[in-house]
Amino acid sequence: MSATVETRDTVEALSVEKYKYGFTTEIAMEEFPKGLNEEIVRLISAKKGEPDWLLAWRLKAFALWQKLEEPHWARVEHPPIAYDELYYYAAPAAPAPKSLEEVDPALLNMYEKLGIPLNERAALAGVAVDAVFDSVSVATTFRETLAKSGVIFCPISEAVREHPELVRKYLGSVVPYGDNYFAALNSAVFSDGSFVYIPKGVRCPMELSTYFRINARNTGQFERTLIIAEEGASVSYLEGCTAPMRDENQLHAAVVELVAMDDAKIKYSTVQNWYPGDAQGKGGIYNFVTKRGACRGKNSKISWTQVETGSAITWKYPSCILQGDGSVGEFYSVAMTHNHQQADTGTKMIHIGKNTTSTIISKGISAGHSNNTYRGLVKIMPNASGARNYTQCDSLLIGDQCGAHTVPYIESRNASAKVEHEATTSKIAEDQLFYCRSRGLSEEDAVGLIVNGFCKDVLKELPMEFAVEAQKLLAVSLEGSVG
Amino acid sequence: MLEIKNLSARIGDKEILRGVNLIVPDGEIHAIMGPNGAGKSTLSYVLSGREGYEVTGGEAIYNGQDILALTPEARAAAGMFLAFQYPVELPGVGNANFLRTALNAVRRARGEAELDAVAFLKLARAALKNLSMQDDMLKRNVNVGFSGGEKKRNEVLQMALLRPGLAILDETDSGLDIDALKIVAEGVNALRSPVFSALVITHYQRLLDYIVPDRVHVLAAGKIVRSGGPELALELEARGYAGLEVA
Ligand SMILES: Nc1ncnc2c1ncn2[C@@H]1O[C@H](COP(=O)(O)OP(=O)(O)O)[C@@H](O)[C@H]1O
Ligand SMILES: [Mg+2]
Numbered sequence: 001m002s003a004t005v006e007t008r009d010t011v012e013a014l015s016v017e018k019y020k021y022g023f024t025t026e027i028a029m030e031e032f033p034k035g036l037n038e039e040i041v042r043l044i045s046a047k048k049g050e051p052d053w054l055l056a057w058r059l060k061a062f063a064l065w066q067k068l069e070e071p072h073w074a075r076v077e078h079p080p081i082a083y084d085e086l087y088y089y090a091a092p093a094a095p096a097p098k099s100l101e102e103v104d105p106a107l108l109n110m111y112e113k114l115g116i117p118l119n120e121r122a123a124l125a126g127v128a129v130d131a132v133f134d135s136v137s138v139a140t141t142f143r144e145t146l147a148k149s150g151v152i153f154c155p156i157s158e159a160v161r162e163h164p165e166l167v168r169k170y171l172g173s174v175v176p177y178g179d180n181y182f183a184a185l186n187s188a189v190f191s192d193g194s195f196v197y198i199p200k201g202v203r204c205p206m207e208l209s210t211y212f213r214i215n216a217r218n219t220g221q222f223e224r225t226l227i228i229a230e231e232g233a234s235v236s237y238l239e240g241c242t243a244p245m246r247d248e249n250q251l252h253a254a255v256v257e258l259v260a261m262d263d264a265k266i267k268y269s270t271v272q273n274w275y276p277g278d279a280q281g282k283g284g285i286y287n288f289v290t291k292r293g294a295c296r297g298k299n300s301k302i303s304w305t306q307v308e309t310g311s312a313i314t315w316k317y318p319s320c321i322l323q324g325d326g327s328v329g330e331f332y333s334v335a336m337t338h339n340h341q342q343a344d345t346g347t348k349m350i351h352i353g354k355n356t357t358s359t360i361i362s363k364g365i366s367a368g369h370s371n372n373t374y375r376g377l378v379k380i381m382p383n384a385s386g387a388r389n390y391t392q393c394d395s396l397l398i399g400d401q402c403g404a405h406t407v408p409y410i411e412s413r414n415a416s417a418k419v420e421h422e423a424t425t426s427k428i429a430e431d432q433l434f435y436c437r438s439r440g441l442s443e444e445d446a447v448g449l450i451v452n453g454f455c456k457d458v459l460k461e462l463p464m465e466f467a468v469e470a471q472k473l474l475a476v477s478l479e480g481s482v483g
Numbered sequence: 001m002l003e004i005k006n007l008s009a010r011i012g013d014k015e016i017l018r019g020v021n022l023i024v025p026d027g028e029i030h031a032i033m034g035p036n037g038a039g040k041s042t043l044s045y046v047l048s049g050r051e052g053y054e055v056t057g058g059e060a061i062y063n064g065q066d067i068l069a070l071t072p073e074a075r076a077a078a079g080m081f082l083a084f085q086y087p088v089e090l091p092g093v094g095n096a097n098f099l100r101t102a103l104n105a106v107r108r109a110r111g112e113a114e115l116d117a118v119a120f121l122k123l124a125r126a127a128l129k130n131l132s133m134q135d136d137m138l139k140r141n142v143n144v145g146f147s148g149g150e151k152k153r154n155e156v157l158q159m160a161l162l163r164p165g166l167a168i169l170d171e172t173d174s175g176l177d178i179d180a181l182k183i184v185a186e187g188v189n190a191l192r193s194p195v196f197s198a199l200v201i202t203h204y205q206r207l208l209d210y211i212v213p214d215r216v217h218v219l220a221a222g223k224i225v226r227s228g229g230p231e232l233a234l235e236l237e238a239r240g241y242a243g244l245e246v247a
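Chains A and B, in that order, are what the protein sequence lines are.
Per this note's numbering, residue 1 is the first one in the first sequence, and the count goes up by one each step.
Per this note's numbering, residue 1 is the first one in the second sequence, and the count goes up by one each step.
If you're looking for bench data, these hints aren't it; they were derived computationally from the structure.
Be careful, since some hints might not be right.
[Stated by the list, open to error] When the alpha-carbon atoms are kept at most 25 Å apart in a straight line, the in silico DSS-like pairs for lysine-lysine are as follows:
no. : chain 1 : residue 1 : chain 2 : residue 2
1   : A       : K460      : B       : K139
2   : B       : K151      : A       : K456
3   : B       : K139      : A       : K472
4   : A       : K200      : A       : K354
5   : A       : K60       : A       : K34
6   : A       : K427      : B       : K151
7   : B       : K14       : A       : K456
8   : A       : K67       : A       : K34
9   : A       : K169      : A       : K60
10  : A       : K348      : A       : K460
Let the sequences and hints guide you as you build the complete structure.
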């Protein structure tokens with residue numbers, strides 16, 4: 001047996017239980033009856049004390065969803081999802097905490113264990129956190145600090161009550177409820193998520209972040225995030241996600257909407273580490289997410305950065321609608337799949353305004369028996385003169401049982417537009433591994449180093465505090481992949 | 001001490017090493033010369049554990065340990081170092097990060113404390129200074145966009161930091177101008193000690209003006225065909241390898 005095979009086997013044996021966020025938290029929960037019908041939609045809305053217009057919107061979405069079919073154009077496979085077997089609402093039974101002091105210690109402990117201390121003194125300096133547990137937000141830190149500069153950062157359910165005019169104006173304005181199957185589902189049953197509003201001219205004084213945790217069994221998580229940056233405002237927002245290890249698949253169907261007005265900047269980063277399932281492909285999260293940003297104002301900018309290492313299946317295309325003249329869209333992505341994971345991810349850049357520019361840097365890493373697809377659309381509308389896009393898609397294969405696919409669509413309806421696309425597929429070269437190992441690095445560390453190097457152009461876009469975390473995550477997620 | 005006994009190896013079906021015998025005592029530097037295709041690089045790879053090189057006979061013992069049974073990283077931990085004839089590029093991997101990761105891996109294996117970024121940088125800057133190299137070497141990606149000479153000097157930098165007990169330098173002098181050659185030689189000479197030994201593979205006698213070897217061996221067609229003192233290198237320089245292959 002070669003040294004490589006031996007290392008692989010040993011590591012595989014050790015790494016079965018490598019997902020360190022896989023624990024469950026015991027806490028008294030309130031759950032609505034399982035299954036989905038109009039009654040459940042009404043219950044969720046009533047639970048949140050929502051105004052009539054929102055209930056009506058949910059019901060329209062639900063009625064439409066019932067007529068829609070699950071999309072099957074992505075390169076992913078899964079058995080039919082039993083929507084009637086899912087729970088659509090699960091929340092800690094205790095009354096909603098009014099302040100951090102009232103949050104259940106079991107929850108605080110859990111977030112502590114995940115490395116997200118919610119206690120403001122222990123928190124990461126300069127990062128405000130909204131913690132979403134199953135269907136509800138359980139805590140939002142640094143709200144007062146933020147309020148001083150006029151920034152609103154709160155659970156979206158609260159925003160519906162406290163800032164109804166803003167929510168009503170923007171909710172569904174970027175991702176309409178009928179946009180796609182999962183967006184319709186989310187619009188009908190979304191239970192919580194984060195709301196961010198940055199007033200005119202304000203540069204948000206802290207990083208904002210939401211930490212999503214699925215805990216309850218058989219429960220879908222349907223969060224909804226809405227971020228609005230008024231003229232000249234800027235914000236950097238980060239989301240992280242984990243879930244316990246469970247044998248059954250769980251559905252996560254989120255919607256994220258971003259709105260940037262004139263000269264506004266929104267940087268949205270994701271480190272997605274939902275439970276990916278075990279080495280045989282059992283369990284794991286179905287991550288079916290619609291994320292879209294509208295650059296409504298001139299010279300506005302929306303930048304998506306994602307590091308996707310978790311989930312059994314990932315289906316997401318964070319996109320930019322470049323409406324304002326001179327607006328800028330960016331998409332930086334690392335998608336890593338291992339074992340039996342499947343990822344079909346990419347972006348859409350829709351150039352509407354003049355002199356709009358977009359950049360797409362996608363790094364796909366496939367190992368084990370996984371499948372990893374980049375799917376992207378660059379669309380230049382007739383009025384988008386001077387539009388530019390640069391796309392670079394690189395795939396790295398580890399082993400010979402996995403697949404990497406690149407599906408770029410380009411539609412240009414303006415002759416002055418310039419669209420560039422580069423793509424590469426490579427394997428980790430034997431000489432690179434040997435070079436590292438001859439310097440004393442273990443094979444796993446060598447692969448981690450080379451993969452991190454491969455992803456560098458994307459990782460450097462992450463806020464500093466999270467770049468280090470993401471690097472470690474990439475290395476850990478690859479354990480047992482070499483061969 | 002390195003003891004190579006009757007070592008044979010092949011790549012695929014091709015027999016490359018055909019019974020190499022060589023002893024390098026601690027504290028000594030030995031040169032290996034020989035025509036192109038003789039198997040010099042193959043010997044260095046077999047000693048460092050590269051995959052694809054199948055040992056078909058013989059043994060290699062370093063400090064009493066059968067190294068052929070070890071992984072490449074375990075050989076590094078045991079104190080061996082190979083300066084590559086063709087150093088490998090690692091896109092996106094910063095040189096400082098690479099060097100520190102390597103150094104800490106080796107330190108860990110030797111039971112020494114790992115170095116934090118600050119302590120490492122201090123050490124690395126000092127090593128760079130000794131080798132008359134620019135600090136920006138640390139910021140660049142490993143060997144990416146390096147000139148031939150920079151790549152070779154980067155190998156010597158790694159050697160200086162890892163402080164091996166046994167260094168194998170595979171044509172580290174090839175393609176270097178005389179100043180770079182002197183830097184490489186200084187790098188090796190600085191490591192000279194009673195517990196350091198080196199195998200210096202070279203085509204040219206001129207390197208041996210700066211690294212004076214204790215012994216010179218000629219490898220031809222997979223075997224050591226002649227051994228002698230430093231004067232052998234001069235003789236080879238004058239007369240070439242003609243006639244040696246058949247010995
Ligand atoms: N990967 C390989 N596959 C097949 N033959 C090889 C390979 N590498 C080297 N060889 C052959 O092995 C012989 C020795 O090569 P090498 O060790 O590189 O010689 P040297 O370093 O002395 O010039 C040469 O005939 C060369 O063609
Ligand atoms: Mg050679």
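Verification of the hints:
{"no.": "1", "hint": "A:K460 <-> B:K139", "in the structure": "holds (15 Å)"}
{"no.": "2", "hint": "B:K151 <-> A:K456", "in the structure": "holds (22 Å)"}
{"no.": "3", "hint": "B:K139 <-> A:K472", "in the structure": "holds (21 Å)"}
{"no.": "4", "hint": "A:K200 <-> A:K354", "in the structure": "holds (24 Å)"}
{"no.": "5", "hint": "A:K60 <-> A:K34", "in the structure": "holds (21 Å)"}
{"no.": "6", "hint": "A:K427 <-> B:K151", "in the structure": "holds (23 Å)"}
{"no.": "7", "hint": "B:K14 <-> A:K456", "in the structure": "violated (40 Å)"}
{"no.": "8", "hint": "A:K67 <-> A:K34", "in the structure": "holds (20 Å)"}
{"no.": "9", "hint": "A:K169 <-> A:K60", "in the structure": "holds (17 Å)"}
{"no.": "10", "hint": "A:K348 <-> A:K460", "in the structure": "holds (22 Å)"}
Going through the hint list in order, the structure does not satisfy hint 7, though it satisfies all others.
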